[in-house]
Amino acid sequence: MSENQDDKLARLLRSRRTEAASPDLAARIILQAQSLPQVQNISLWQAVRQLFAEFHLPKPGYVFAGALVLGMVVGFSTAPENVQSSDASSSTAQSYIAGDEGLL
Amino acid sequence: MPAAWPEKDDHELLALIQDGSGQAFGVLVERHTERFYRLAFRYLQNKAAAEDVVQDAFLKLWENPANWQPERNSKFTTWFYRVVVNLCLDHRKRKGPVALDEDLPLIDDRAPVDEMMMRAQEQRILEREIAALPERQRSALNLCFDEGLTNQEAAEVMGLNLKALQSLIMRAKTTLKERIKNCL
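Chains as they are written, first to last, in the numbering used here: chain L, 1 to 104; chain X, 1001 to 1184.
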């Protein structure tokens, strides 16, 4: 008897009916998704690459920027010598002027 | 859509969705909408609500495909059952317990009329008693009997071990047998 009850209950549970979904449900979901942007989870490395991509320059730009940097490096490395020589020439001129003033 | 797309398995489609492929998403939705709708309907007993829940679940997947992590989930359907069940439970918390739809077509129209009437009556009583079961027992029945999941798969969906799931099914069946003994 108990066996029969189990079988019948299992049959009833398996024969439960469902109201059918709208035939266009899948199409509605797909259409709705087209208007939604995806959230992309990106890694740190990808984020850094994207950041650099924002500052992307064409090749002549790199040449120009490289020339500027090179010019600044050369300029800074040679500046102290120029300053010394200009100091030396200005002190010579000053002593010359002071000599003239002494004569007066 | 390339002819080979429908032959791609769920994991391949999900990898493509993670790369932003709307076509892969379309194939996945077409493949599984009916199945997840059926599950949602069992929980909510309302067509519009069930359709909304299934739509929400798929749109969440589209918006944030990284939620699916193949290394952490064995099967897409097992994971997505859990997503749909959780959305159904949230929906029920917000809207309160469901009222059984009197217009629900419970009758198998291939059977003779008196048999149809009897089956309809049996099914109505069964639905009422299933609706009165505790939430977890109802979930276990829905997953194992309606969706045809194995006990192990149903246990995974519900986050239980196998023994706990078997115990839930046993208790649910005992309660139902007691309550609908006149129909059995």
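Take these hints with a grain of salt, some might be off.
Claimed, not checked - Taking beta-carbon pairs under 7 Å as the criterion, some of the chain X residues facing chain L (in silico): (1) 1026; (2) 1029; (3) 1033; (4) 1174; (5) 1177.
No lab work stands behind these hints, which were simulated from the structure alone.
In this text, all values refer to a predicted model and were calculated from it rather than measured experimentally.
Glycine is no exception: its CB is placed at the ideal position from the N, C-alpha and C atoms.
Here is what the structure says about each hint:
For residue 1026 of chain X, the shortest C-beta to C-beta distance to chain L is roughly 5 Å, which falls under 7 Å, so the interface hint holds. Hint status for residue 1029 of chain X relative to chain L: holds, with the closest Cβ pair at about 5 Å, below 7 Å. The closest approach between the C-beta of residue 1033 of chain X and any C-beta of chain L is roughly 4 Å, which is under the 7 Å cut-off, so the hint is satisfied. Taken as an interface hint, residue 1174 of chain X does not check out: its beta carbon lies about 10 Å from the nearest beta carbon of chain L, beyond 7 Å.
At about 5 Å, the closest approach between the beta carbon of residue 1177 of chain X and any beta carbon in chain L falls short of 7 Å, and the interface hint on this residue holds.
The structure is inconsistent with hint 4 alone, although it conforms to all the rest.
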